[in-house]
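Q: With chain A held as given, fit chain B onto it using these hints.
From first to last, the protein sequence lines stand for chains A and B. Counting in the working numbering, the first sequence runs from 221 upward without gaps. Counting in the working numbering, the second sequence runs from 432 upward without gaps.
No lab work stands behind these hints: they were computed from the structure. Cβ atoms here follow ideal geometry from the backbone N, Cα and C, with glycine treated the same way. Don't take every hint at face value.
Said to hold, decoys possible - Simulated restraints, written as ranges between beta carbons of each label pair: (1) B/D513 <-> A/S405: 25 to 33 Å; (2) B/P705 <-> A/E406: 30 to 38 Å; (3) A/V303 <-> B/N587: 25 to 33 Å; (4) B/R509 <-> A/T309: 26 to 34 Å.
Claimed, not checked - To be clear about the criterion: a stretch of chain B counts as covered by chain A if any three or more of its residues have a C-beta under 8 Å from a C-beta of chain A, and this derived list gives those stretches: (5) 486-498; (6) 516-528; (7) 682-691.
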Amino acid sequence: MTTGVLPEEGMVPGEPTPSGSTPASRPGRGGLLGRVKALPYALTIPALVALAAGLGWPLVRLVIMSTQDYGLRQQFGAPAPNVGLDNFTEIFGDSYFWEVLRRSLVFCFLAVTLTMVAGTAVAVLLGKLGRVMRTALSVSLLLAWATPALTATVVWQWIFDSRFGVVNWALTKLGFDYEGHSWVSEPLSFFFVALLIVVWMGIPFIAFTLHAAMTQIPDEVMEAAAIDGASSWQRFRDVTWPGIKPIFVVLLALSTMWDLRVFTQIYVLQQAGGVTRDTNLLGTWAYRTGVGSQQFGKGAAIALVMVGLALLLTLFHIRQMFKQEEI
Amino acid sequence: MAVVAPVKVPPVVAPAKADRGRRRPRRRWGLNLIALVLILLSSFPVYWMFTTSFQTNAAIRSPDQELTPVGGTLHNYRSVFDSDNFTTAFANSLKVTALTVVLALAVAFLAAVAVSRFRFRGRVAFLVMILLVQMVPAEALMISLVKVLEGWQLRNTIIGLTIAYLAFVLPFTIWTLRGFVAALPVELEEAAMIDGASRWGAFWRITLPLVAPGLVATGIFAFIQAWNEYTLALVVMIRPEKETLPLWLQSFNYGARGTDWGGVMAGSTLITVPVIIFFLFVHRRIASGLTAGAVKG
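This is chain A alone, in the form it adopts within the complex (with noise of 0.2 Å):
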C-alpha cells in the first residue's frame, strides 16, 4: 500500500516517517474527519452488522447445527436436541464420506494445475506475442472470464449434448463414432466436461494477474540474462520466475480454494446427467444432505469440513500476505 498516508501501527505520532507526512496520525490535523475518536468505529458499525447478518450469523449457525439432530421434524418446530459431535462421528464413519472428499480433492489439484499451467503458459505467451494477437488474445480471454458460471456450464452442456451438441457432430465427421454419446451420464466423462468447464473460466485471471507481474520485471534485466547466452528457459527460471513466485503462490492458493468448493458446473451437469451419487463433490453432496434430504445436522457437518479446508488455506494466504507486508 502507500506508504506515508497510514503509518504504522506503534509509530510515535508527529515522528517524522519515511514518506515524512503523517496526516492521519497528527493531532489537530486529522484531515475531513480527524478529530473525533469514535469516530472511526462508527464507520465501521455498518459493515460489521452486515458481516454478522449475513455470514457470521450463518457461520455460527452452521456450527450449532452441525452438532444436533436437525431433520423434517425441527422443520415442523420440534425442539433439536443436542447429539455433540454425532454427526461428524457419523460422517467419517461413512465410507462414502472419504469418496467423495477424495474425489473433491482430486478434482480440485487436476483443475489447480492445469488452470496454473496453462494461465503460466499463457501469460508468457501474451509478453512474447505482437500488438493486435495480444489484443485478440486478451479479449476472448475476457470473454471466457466474464461469462458467469451458470451460463458457461449451461453452454458447455450445449457444446457436449448428446443429440445435437457440436463436439459430437464434430467427432462424428471426423469418423469416430459418437452419434448420440452422452458425456454426462458417465462418471469418468462428466468429469472431464466439469474440469474443462472450470480451467476454462479460470485460466484467463491467472493468465492475465500473471502476465502483468511479468511485465513488472525490467527489460533490461531480461536483455543482460540474453545477452549473457541464457536461453528462454534458464531466463524463465532464473528471471522471470523469481519476480513471479510471490503472486504465484498467492493466486495457487485462490484457485486451490475456488477449486475446492465448485457448486454450481457439477449441480448443473448432474441435472443433465442424473447420475448424482458417483459424481457429488463436497458441495453439492452437503446441498443435498442438508436442504435436498432436509438432514440438516448431517448436511452442517460436511459443509464444516469444507470451510475447514478453506480456513487452512486462508490462514496460508494471510501468512503470505504479512509476509510481503501488505496489511
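A: Using the frame of chain A, we list chain B on its own:
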C-alpha cells in the same frame, strides 16, 4: 499502490524485441498459431451461445451443423420473453442487484474511509477479518442461511437475498475502495477547508468526486456478483415467482430437457451480455482486487 495496481499494458513491441522476432520469423509464426488456437478455444463457447440463439430449431437439430452464422431468427428471444417467469425473474434480479450495489457501496465506503484515514485500535484486526471472511465458502453456508433467513421471516424475499449478497461482496468492495481512498491526499480536503469549505462541503465537492472512479469500479463488481449469483439464490428463493434470472435459466434449461437449445441460448445471451459489457470496464480492478494487494507496484 497495491490494491489498485494497474495491470500494465506492455509497451508496443520494444525495438530489441522486434529484433529478436525478426531473427526468428518461424518462431513468431509458431507462437501466432498457438495464440490463434487459444483464441478459438477461449471464445468459442460465447460465440456458439450467441450464434445458436439466432438459429431456428430446424437448423439447430439438423445433422449438418453450420459453424458460421447463417440466416437468423428472433423466434428464440420471443420464446424467452413468453416463457413462464422470465419477466418476473428479470425484475427480481434487477431489484436484488440494485439493492446490493447501493448498500455495498455505501457501507464499504464508510469502512474504507475508516481504515485508510484513521489509525485506531483494531484496525489491523478489522483488515484481517475482511480477508478471513472473504474466504468463507458461500457453498458451505447455504444450509444454515436457509434456517437463519427463515427465522427472520426473510426467506423468499428480496431483502433476505440482499442480506446474504451484501455480506459476500463487502470484503472485496471494502478492500478495493480502501485503495482508492488511501491514494487520495488528505491535503486536498484540508486545502478546501482552508478555502472556506465546511467539512461536509469538502467531502462532497472534493473527496467524493475523486473517489468516484473507485465507486464505479466496485459498484460494477458488486453488480456482476449479484447478477450472476446462483448458489445462494438456489436455497433462498425457492418459490417460482421469486426466482432470479440464473434460477430461471436453469429451470428453463432443465424443463426443456435438451429440446429447446435455441431458447436456452437466447436466455443465456440475455443474462451474459450485460455482464460482459460491464466486465470490459473493470476487469483490471477485479484482477488486482482479487489478489488483494499481492502485486507490489
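Q: A separate judgement is required for each hint: does it hold in the structure or not?
A: Hint check results:
1. At about 31 Å, the CB distance of B/D513 to A/S405 agrees with the hint of 25 to 33 Å.
2. Separated by about 36 Å at the C-beta atoms, B/P705 and A/E406 satisfy the suggested range of 30 to 38 Å.
3. For A/V303 and B/N587, the Cβ-Cβ distance of about 30 Å falls inside the hinted range of 25 to 33 Å, so the restraint holds.
4. In this structure the supplied range 26 to 34 Å is violated for B/R509 paired with A/T309, their Cβ-Cβ distance being about 56 Å.
5. Counting residues of the region 486-498 of chain B whose beta carbon lies closer than 8 Å to any beta carbon of chain A gives 5, which reaches the threshold of three, so the coverage claim holds.
6. With 0 residues carrying a beta carbon less than 8 Å from a beta carbon of chain A, the region 516-528 of chain B misses the three-residue requirement, and the given coverage is violated.
7. Restraint check on the region 682-691 of chain B versus chain A: 3 residues with Cβ-Cβ distances below 8 Å, three needed, restraint holds.
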